[in-house]
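Student: Sequence:
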Amino acid sequence: MDLRKVFRAAFASGSIALIVSACSAQSMVENETDAGTSGPDRSRDGGLPTDDALPGETPVTPDQLQVTLVPDGVSGTQRVNFAVPFSLGKLSDAGAIKILAGTTELPAARRVLARYADGSARSVQLQLDVNVSTTTSLTVQIGVTGAAGPTLADVTTTLAGSGNNVHPKVWVQLPSDVMAASGFAGPVTPRSQVQGTSLDVWTTQCDYDQWDTDAFVANQSSGREGWLFDRVTSMYRGYAITGSTVPLRSAYREAAIYLAGMTITNGVTTGIAPPDANTDLKYFFSQGMALHYLLTGDDRYREAAEAVSAKVVGMWNPQYNGGSGFWTERHAGFALLAHEWATIVSDDKAAAIAARAETAVTAYLDGQMTYPTNYTDPDARCFGHSAGAHGESYGTMGCSPWMSAILADALDAHARRVGGTRATQVRQAIVRLGRIIARDGLDSSGKPYYWLGIGAASDEVDDYDEHWGEAAYLVGMAWNFSGRTDTGLKQKADALVAGFTTQGEVGHVRSFNWQCRSAVLAPTFLR
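Going left to right, the sequence shown walks through residues -3 to 523 as the working numbering numbers them.
Simulated from the structure, these hints should not be mistaken for lab results. This one's a predicted model, so the numbers in the text were calculated from it and none came from an experiment. Accuracy of the hints is not assured; some may be wrong.
Stated by the list, open to error - Using C-beta positions, here's what the derived DEER-type ranges look like:
#: 1; residue 1: His163; residue 2: Val56; range: 28 to 34 Å
#: 2; residue 1: Pro374; residue 2: Val264; range: 37 to 43 Å
#: 3; residue 1: Ala494; residue 2: Gln60; range: 52 to 58 Å
#: 4; residue 1: Asp203; residue 2: Gly145; range: 37 to 43 Å
#: 5; residue 1: Asn215; residue 2: Gly139; range: 23 to 29 Å
#: 6; residue 1: Asp362; residue 2: Asp125; range: 40 to 46 Å
#: 7; residue 1: Thr241; residue 2: Thr481; range: 38 to 44 Å
#: 8; residue 1: Asp68; residue 2: Gly145; range: 45 to 51 Å
Yeah, the Cβ is synthetic: ideal placement off N, Cα and C, and Gly gets one too.
Build out the structure end to end from the sequences listed, making use of the hints.
Tutor: Okay, here's the thing in structure tokens:
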């Protein structure tokens, strides 16, 4: 069976039954043994290969890379554990990886952690014994058969520390261009490619040193808000952009903090670390758990991502009905992100989780073209809903420009996973979103509104300067996905970047969390 054709037909038609059937067919091959791995490979996902590179993107993993080893309180020979993410089609056989310390080959254990639907690896876990007192870096050669090494050990045996400082005994730093090329954290652009340009503003505004784990832990006494917006993802994206040790350490430590506070019952997350948040969807995150799994091979985080998706599907109805029942773009985005990233890493539940994602996307696209019912512009539309559904008392129909960035992030992830006709439909929805924000979503100074009233409805000004970046991200996506020919969109995006540069504020942990999570992808669409 040509599963790629089945999937394309399924997603193009929007048929949930056909999607589930296709995913079930995919599951029949999940127990194939992969050469160079230990045991069955159960990590094929339910999606399609991503489309060809979009303008501004160069997703090709190099044939050779160098990783840096940083011992943390240990010396001598240590079991070093890490994973390398790959771009689509780069590697199929995990055995085709050779590792050198200088000119000496080191035997290594290998395991494919997740696959694209074409069979190529998204990420490969590697373990090897290294004398870290004398070896400070390793060369990883791709496409060259390497010597088999020891049996994979449980990742927990390679860790040290406790509480809010769980960490690997030996840190392994990957080059930022390798992480960016793989797309493992989304379409990030390495700082080296924008440094010295206006698009470097996200790296300067997103101060990973100032808002690191120590700042996060200190903030916890003030309540649960510091947990919002998935700090683990924010930090892993910062690591992929900068290659710096600071966001890597913060991401690792905070992934462990989030997991430690999670309760999983029968495959469903029933409790999470943020206080008093067990019924609040905006604190349930699978993406950070999935990213941690893709860089470590720690199976606990894969299971956590699956369990979050299982919880979220019971917490959220993606279909907005035009009334005042609770519905926001933030919740819509985090629900879809939960399903998308759990699908990517799932070893045995990809079919069911992919169907949840498809259901959500169908609801979002239908809602965008339906509400408000008296709004007829087909080309410029956000995900309209009543202020009452948003928990606001404005009494109008509208949308949140900054919350829309979270939903657009999720929709973009879905498009990249499924490809084909469905990806085109989703990207058209993002173009419509960016157009209405560029045209109607900015006040007289060019600053994004806090609430964008649709049509003749009134807008609500933003009293703060903490949402410039999200609007730049959305308008930049619209410019990119519409073919990079609309000079008006580009001018608006550039002006928003300039506003973020001169007026943007990232003044506290919560502000850092949202501003440095989705909008940091903007340089990829604008450069």
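Student: Please go over all the hints and tell whether each is borne out by the structure.
Tutor: Against the structure, the hints:
1. His163 to Val56: 28 to 34 Å: Given about 31 Å between the Cβ atoms, the range holds.
2. Pro374 to Val264: 37 to 43 Å: 40 Å, holds
3. Ala494 to Gln60: 52 to 58 Å: Violated: the Cβ-Cβ distance is about 39 Å, outside 52 to 58 Å.
4. Asp203 to Gly145: 37 to 43 Å: Distance hint for aspartate 203, glycine 145 holds at roughly 39 Å.
5. Asn215 to Gly139: 23 to 29 Å: Given range 23 to 29 Å: violated, Cβ gap about 45 Å.
6. Asp362 to Asp125: 40 to 46 Å: About 54 Å separates the Cβ atoms of aspartate 362 and aspartate 125, which means 40 to 46 Å is violated.
7. Thr241 to Thr481: 38 to 44 Å: Since threonine 241 and threonine 481 have Cβ atoms about 41 Å apart, the given range 38 to 44 Å holds.
8. Asp68 to Gly145: 45 to 51 Å: The hint (45 to 51 Å, Cβ to Cβ) is violated, given that aspartate 68 and glycine 145 are roughly 22 Å apart.
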